[in-house]
Amino acid sequence: MTPPAPLGKDLLGLEPLSGEQIRLILDTAEPFKEISERAIKKVPTLRGSTVVNLFFENSTRTRISFEFAEKRLSADTVNVSSGGSSVAKGETLVDTARNLEAMRIDMVVIRHGASGAAKFLAERIESNVINAGDGTHEHPTQGLLDLLTLRDHFKRIEGLRVCICGDVLHSRVARSNIWGLRKLGAEVAVCGPRSLLPSAIDEMGVTVFSRIEDAIEWSDALNILRLQLERMTAGYIPSLREYNKVFGVTRERLERAPRDVLILHPGPMNRGVEIDSDVADGPHSVILPQVTNGVAVRMAVLYLLSGGKPELAEAAKTGKA
Amino acid sequence: MTRPVLLTGGRVLDPSQGTDMVADVLLSDGTVQAVGRDIGRPDDAVVVDCAGLIVSPGFIDVHCHLREPGRADVETIASGARAAAAGGFTAVCAMPNTDPVIDNPAAVGFVVRQGLRAGAARVYPIGAISVGQRGEALAEFGEMVDSGAIAVSDDGKPVVSAQLMRTALEYARTFGIPVIDHCEDPTLAAGGAMNEGVVSARLGLKGIPDEAEEIMAIRDILLARLTRGHVHLAHMSTKGSVELIRWGKDRGINVTAEVCPHHLSLTEEAVEGYDTNAKMNPPLRTAEDVAMLREAVRDGTIDLVATDHAPHHYDEKEREFQNAPNGIVGLETALSVVVDSLVVPGHIDFGTLVQRMSCSPARLFGLPGGSLRAGTPADVTIFDPARRWTVDPTKFLSKGRNTPYAGMTLTGRTIHTVVGGEIVYSLDERREGK
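Note that the protein sequences, when read in sequence, are chains B and F. If you count the first sequence from 1, position 224 lands on 224 in the numbering used here, and the numbers rise without skipping. Residues are numbered in the numbering used here as their position in the second sequence, beginning at 1, plus a constant of 1000.
If you are wondering where the hints come from, they were derived from the structure by calculation, not from laboratory data. Computed from a prediction, not measured in an experiment: that's the story for all the values here. Fair warning: there could be bad hints in the mix.
What the hints assert, rightly or not - Which bits of chain B does chain F cover? Going by a derived footprint, with three or more residues having C-beta under 8 angstroms, they are:
id, segment
1, 92-99
2, 110-118
3, 128-136
4, 196-210
Glycine included, every Cβ here is placed at the ideal spot set by N, Cα and C.
Produce the complete structure using the sequences and hints provided.
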């Protein structure tokens, strides 16, 4: 009889997790980082497991990151994207998943445009479900890789001041970050135009800055969200030019800060809109280490959900567990 | 010829005459003959023992969706009329947003005929305000009224044009019918899936602010003032709307309003977990709104309770929250939900319940019934005020199963429903598994 998995069956978001569970994932990711640095980037941990990457929305970075994580753990992977699949023929989400499950799979990684889609799926199939982004709800592995990157740099999360900048209203990255950071004891702020913040933001336990200058002065780190171009056509903001002028993170603004501010961005970036190139490529940017950490964090999640024991993660990477 | 029916020993509760006493009720020839003790027993009478039960004028639901024509797979007028009877409703008013829309006398006549054929609760058609409910040209109110329509509405969507609403209110005055509006500013509510607030922010669902309803509510109240027409505001859900209705009534404006049982009993918290059976429009709001709506039912600011019964196919609700349709079935749970959310906690007594579910709808919509006065149609609801039962949607007479109350134990149950002197529904104790 195996004891219950430390994370439960699924990873649907960071809101349902405890601080302890989040720390466990980050700690488990540590030994997995090293695998990607080897010449032979593969361990046999998930050999024989089948993972389906079910992507109903376009994604390059997240899908590839999951695929690397799965392959480096020796899982068999299948990618399903909505275009050209049975989904395009009108099949419902639950029918698609049940058909895949009938082929005997172990895990599903799902990206979907509807909030709650991952939970909907998880309640209807027996496989483990990992949420790779559901609508404007959560993107837990992005939140985790942001936490890991912050912890790498500052050696702690507790007491850090992190400001999430931009379109919080439509951002699943923002929600996962807010939950993860708060559960690990960080102070969280958001900064953006009020038209792109949830109207109930004041009840969400975060500080709200209207001006980016104030946010920079307060912060140890900025997590700068991508501004979707369709927000302008939908009338949430008047123009990208004004957005950059008022909310853009520029070198001049950072140089006025009382301390060095770490720069995170979940990508893909709009250079010259929410972030200037010299900030993105500057000395305090950890945007590429975020991407590297993404693979390790996803390996940790796959490992833990498949029943891997956290204390054996070190041994797993040498192929002994 | 139907045999007379004698209802014996029940608590006869008829606010239209101020009656509240243990008595017998004799029904024959389709009308109420007598209410009282020692009123005699015709030899051929069907005797129904009503001891321990409440005998009241039949409930009337002024707002339900029976889906026929167009979606007979999810409900028919017959199945809806039977579900209504099972819920204690002796009459229901069917909204016109079917396919095709009920916007002409022939379509109105179809609903009337299907209702008569069903032989359960009476079915009164509501005609559309605009042709095809497109919000452009006024439908033919006069011809629809002559064919049996009792009100007009574009329910399912708002009347966006203030000018069209003004004309509708003026024109409806000619025929003495109310104009029912679904109050929703379509630009504020666009894409919304639930109440806007902290829960929607957490769940990442687009919210619908209270103001989407309130802006249209006050517009309609002001247009009723302008036209002196009768505007009836459907499914009110917010505290602010109650304040606006109160403002209108204080000024003698001809505005009436309804609330649905779910808005009296559930809050936005029910959406947690993305339960599509908690998705309706207007959305479930907050505890503060629920408290205000309960108070408004008590003090009469909200005139009546209506179900907004909205059956959907299982597959349509079995999907991602934002893509699922709005609405729940309500005919067979309405009485119990009102008992549990208003009577049991002491906000209202059973007399007020009967007022809001029978007398007021009859009076405000000019419908027969709503009273047990001798000579009125013999439409009677007999219910057990204390009976506890657990909601099992598979036992519904409606074809719809989409209810957030599944598995809940509720108080109050219809035992018999009498329409035109005929018992059209009796609770089947065997089917109850007792």
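Status of each hint after checking the structure:
| no. | hint | result |
| --- | --- | --- |
| 1 | 92-99 | holds (count 3) |
| 2 | 110-118 | holds (count 5) |
| 3 | 128-136 | holds (count 3) |
| 4 | 196-210 | holds (count 6) |
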